[in-house]
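Chemist: Chain order of the listed sequences is A and B. Be aware that the first sequence starts at 36, since it is given in our numbering, and climbs by one per residue. Be aware that the second sequence starts at 26, since it is given in our numbering, and climbs by one per residue.
All the given hints hold, so there is nothing to weed out.
Calculated lysine to any residue pairs in the SDA-like style (CA-CA distance at most 20 Å, straight line):
(1) A:K185 x A:Q149
(2) A:K304 x A:S285
(3) B:K275 x A:G96
(4) A:K212 x A:P186
(5) A:K166 x B:T109
(6) A:K244 x A:D53
(7) A:K110 x B:V278
(8) A:K212 x A:M232
(9) A:K250 x A:M333
(10) A:K139 x A:Y125
(11) A:K265 x A:I288
(12) A:K164 x B:T109
(13) A:K139 x B:L131
(14) B:K125 x A:V135
(15) A:K110 x A:S97
(16) A:K139 x B:S122
(17) A:K166 x B:Y110
(18) B:K125 x B:L272
(19) A:K244 x A:D46
(20) A:K139 x B:T112
(21) A:K166 x B:S33
(22) A:K187 x A:G102
(23) A:K287 x A:E267
(24) A:K50 x B:V278
(25) A:K185 x A:G102
(26) A:K250 x A:P260
(27) B:K274 x A:G141
(28) A:K164 x B:R31
(29) A:K139 x B:V132
(30) A:K164 x B:S33
(31) A:K164 x B:P32
(32) B:K274 x A:Y51
(33) A:K265 x A:I289
(34) B:K125 x B:L266
(35) A:K110 x B:K275
(36) A:K164 x B:Q106
(37) B:K275 x A:S97
(38) B:K130 x A:V135
(39) A:K185 x B:L117
(40) B:K274 x B:L127
Keep in mind the hints are simulated off the structure, nothing from the lab.
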Amino acid sequence: MSSPLALDVADLSKKYGDRMALSHANFEVPMGSICGFVGPNGSGKTTTIRMLLGLITPTTGSGHVLGESITQPEKYLPLVGAMIEGPAFYPALTGAQNLVVLAKLGGFDTEAIQGLLDLVDLGDRGNSKYKTYSLGMKQRLGIAAALLPKPKLLVLDEPTNGLDPAGIQEIRNLLRKLADNGTTVFVSSHLLSEIEMISDHLVMLRLGKVIFSGKTSELLAKQQPVIVAKPEHRSDLDKLVMIATQAGHSAKIIDETVHVTGAADYSAKLNKSAFDAGIILETLTPVRASLEDTFFEMTGE
Amino acid sequence: MTKLRRPSLSISTIVAVAFVTGLVTSLLFLLVDSPEGNGERGVRIGRDVLALASGVSLSFSNAAGLLGIVALCIFAAQTAQEYTYGTLRNLLLRQPSRMKILLGKLVSMKLFAIAMVTLSALLAVSLSYLFAGVKDISTQAWGTSDARAELLRTFINVLIATIGYGIFGMILGLLFRSPISAISIGVIWNLIIEGLLSAFVTNIDRYFPGQLLSIVALGGNERISYQYALFTSFTFLVIGLAIVSVLFKKRDVAN
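Isolated chain A (complex conformation):
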């Protein structure tokens, strides 16, 4: 039996005038997962998120959030926390007052606000006006606001924007902790290394189209590993490429190294062949393709 879905989208499209912002998107996000939502700027990520949250109406297609149709957002939004396109609050109100406005509007417990501010490390700045916050603090307040409903689904659009490395790590840990407690996290980010570290599912967009949807591990497994070899003498680079090519592997020179596409077990054979040809290898490193490599390869960026 398949696991229940937090999000599922079928043939979802949004057209602005002649421009297709999202074209016939199909993807599913299992409950309890952390799903990365990646794509270049303008690929339709925010448009998709806005449709999922009932802020804009799809041109065609359908979608479900926590089992409810996106045409009836009032049925699922009380269980969804979200931050879209960065934080947006009233500048003249304090961080805590901004959260009170949203808590009252959603009928949530205002007693929980101090705890949320502490959670995002704003406990001692809750009574400062929002306009005095740094970008990182604004971002953290946005995450606190998204956590107000004790969400079953958390949708975050670029949550680590403006955060320092320590802040990014805190957010990463927070998201992991929330997912461990059963919250589904749907997070868009341009920091692919971050997404790779935390996401077990991935939806990849390019030019308004879904180009991958599934487990992150499956995507990375599809990518051919690369062996990076550096000969002792620069003059041996071409010879090394020829050895790898003759063995049926594709190879190319990047800087002063040869990148050979092939499984890690070819490393030993390559080393032996190079040695037999009188080439001493300074380094020989099998490298697993990163999400960033995969992303650039798939999006052609």
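Chain B: place on chain A using the hints.
Modeler: Relative to chain A, chain B alone:
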């Protein structure tokens, strides 16, 4: 209401209301002997009129037009800022019913208008007593039950007019989604277009919501009855509100 209660908005509103009320009251009383007149468009309101039971509420009702402009600006800004700050999307996430959000805004802004008008009334009456003493105008009739009834009637009419102007501001805020555009168009329309045309074209003020709301605040005048002004101005506002409500409900929130 949390947003409307913040000190910066409260203080600036108090200053604006005090300025408008103080200006109209002081002009009405201190220029009572001026041959140029002391009322709207050079009308002369003499000591005998000011000494009547209705004299105590006269400056308050005369201030309604400007008070309305203050309300228009505040309501337009508070509505349009939800778009420019991007806070509307947060509100809609927490309360997906757009009509409930609109209704909530309308109710909280009405409460804000009540506070504004109450402050203006208190100031107008206090200053009227002060300036009446300065200009030696009798205030004997101002303490009568007739004066209190007139004051209550004026309070209700000014409140209706102020709320009307405020709704006009909200309509503009929802339509233009930018505080600067909404306020400038609202002020230009009310003060310049309606004001100028009404000064030069006879009876055209019968069809202008801003002019009609001012007449509501005065309880009607010799040309336009209170009932006509109230019905016609609010018909305009209800139609406007219905149109922007549909737009607000249907329009994508893309900022």
